[in-house]
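J.: Read off the chains here:
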Amino acid sequence: MMWINIALIPVAGIVALLIGLFYAGLDRIIAARMQERVGPPITQPLLDVAKLMIKQNIVPEHSTGWLFNLMPIVCLASTLAILFYLPFGGYAPLLGEHGDLILVLYMLIIPALAMVLGGFSSGSPYATVGAQRKMVLMMSYEFPLAISVISIAWLLTVSNIADPFSLQSITKNPVWGLVGPLGLVGLILQLLVLLFVIPGELGRIPFDVHEATSEIAGGLLVEYSGRNLALFYLADAVKVVVFTSVIIALFFPYGVGLSGWWGVLADAVFYFVKLFVLMFFCSTLIRVAMSRFKITQVVYAYWIPAIIVSLTGLLLVLVDALS
Amino acid sequence: MNEKSPTTYELLFGPAHPGSGNFSVKLRVSGEQVVSARSDPGYLHRGFEKLMEYRDRMQNSILSDRVCVLEALNWNLVHAEAVDELTGEEIPDKARYIRVLMAELSRIQSHLIWYGALSMGLGFDTGFKVAFGYRDYLLDIFELVTGGRVYPAGYICPGGVRRDLPDSAKTKIEKTLDKMKIMLRKCENFEKTTLYPRTRGVGVLERQDALRLGATGPIARASGLYSDVRVDDPYEIYSELDFEIPTRDEGDAYARCLLGRLEMRESMRIIRQVLERMPEEKLDPVKPKIAHKIPEGEVYVRNEIARGEAGIYMKSIGEETPYRCKIRGPSLLHMIPVLEHLLAGCQIADVPAIYWSLNICPADMDR
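Protein sequences appear in the order of chains A and B. Residue numbers for the first sequence follow my numbering, beginning at 1 and rising by one. Residue numbers for the second sequence follow my numbering, beginning at 1 and rising by one.
One should not assume that every hint holds.
Derived DSS-like pairs: lysine-lysine, alpha-carbon spacing no greater than 30 Å straight-line [to be verified]:
#, chain 1, residue 1, chain 2, residue 2
1, B, 129, A, 51
2, B, 129, B, 289
3, A, 55, B, 129
4, B, 129, B, 50
5, B, 289, B, 315
6, B, 293, B, 326
What the hints contain is simulated information worked out from the structure, not anything from laboratory work.
The whole structure should be built from the sequences, with the hints applied where relevant.
T.: Quick look at the structure:
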């Protein structure tokens, strides 16, 4: 079984890239329609990547060359790697035997960290400002994210479910069935916090302080071009799939429930619909309706309201489970 | 924080920056804090003042489009008025109405660019796309009336306007104004999550600073100064029209942005009045005359354009071409003293907010 899984990884990786690009195209079209525009064709992100791949790859004179070229690869590889630890619509993750929720939580940091290192190594003041901002952004959203995830794992622990940190046991026992009315409210609050964290993780408007085209000219990606930029672009597209998949695995692990090949197909379609709905709310809608925050406003938004909401949610889950 | 302190570094906001125009601001930055700012103009210098000395009045009229791309018709009007005052020519009544009509349409068009550019600077992509999308309706009107979408090629020229208003123009303008009204309401609805949190209390220009640094137009009015050339020193038919000059007391970037929207409303009021009172008579097109000398004399004409007070000083010694022409663009003072004053001490994230809230145009500064 395990060897089959490992053989499946390259296939799954390519499929994930294509799905990510497909959603990026969809995102652009929907955003365009909301802005009274026609928008690009759905294949535009794919064409962008293809074009970037054949463009010249410029490494700035003042950069640390090997780090500068390595980081896009690390970013894409780590983003794809998270995907292999996530269960898809009731099917076991490809590398499920090796990892759990804690691992995923840590691995979510790596793509962002790779971007920070890439920015610092490029030796441009814009990229340095962007990298500093990205670090502050990471520090801001990690805490509410951790509270939300931990409260779910803790809920599984008190419900006497074996292996509470394994994503597979979370998907087999949907959290909504484990709580009473108070806990339900608590879980909804946790879901809201996670939905609020995702645009930050993705670095989309209003949380794109580290790129901020009109302030610091593209921030930590300012010196990147050609193949390296294409890799970051791909990583960004896959990130949407990854982060929404984490939410689906934690909160909406339901399948259609049919058997046979039709069941597999129905599950897959249902999964893509869930992905699409979450992506619409976390990325497209917010991006169209808001302007960019300042870094101080980002820190405030994550540290005060988000933490209060997630702690309240944790408290509610706690009271509900213990009473 | 000292400017020479080793912890500061230089950050260039322009000229090759997606958030600036053809203009550069050299920022001295410490962390996220801007310690000092120095404007670095000259990237768009085309030497109009000298070029105008070698061209006759109709050719200069076409040149005057190019002074500021974003409001070409207003600059046409300033130039035409300067020459008219020198020659003392009688302008037909209808031409005066058409001049004001086109100038106000151009003002709305320019304010839409202002709103769009400010939105882009704040990362509010929708505002940028919507504003520039609606601007296209106005460009359609310009194309119908003047023949050019962006450059009217001297439509408002010395002696009147180059040709009469087409018959279909009136209904088309009214329809477009209705669309603009809807667009402005949409902008207001989005304001709480978009412009408000980023511009409130940012880049406050006090009243006395606005006076001291020479701010004019909407920038001065947002700081509580009631000054508008259309009222203080009325030209064309403005004294016959009924409109208000909105002012705000806060002086911050939000007040300036809000003022832009209020002014668009007033401009729409003016346009509706002008369309109502437009004389019915047929207007003869103004044809360029060869070897047509400008009488001796010197004038300074000032107009209220979208960005503030625009002036042209023209001296003639009785030749076909002006002896000297000095162009005073409102952006010169807004982009050097006012901008440097406001940027010192702000955050990097506030730079585009302040920069674009000043409704700047590098073109009319560098000339």
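J.: Decide, hint by hint, whether the structure agrees.
T.: Here is how each hint holds up against the structure:
no. : hint          : verdict
1   : B:129 - A:51  : 25 Å, holds
2   : B:129 - B:289 : 43 Å, violated
3   : A:55 - B:129  : 28 Å, holds
4   : B:129 - B:50  : 37 Å, violated
5   : B:289 - B:315 : 20 Å, holds
6   : B:293 - B:326 : 19 Å, holds
Hint check: violations occur at hints 2, 4; the rest are consistent with the structure.
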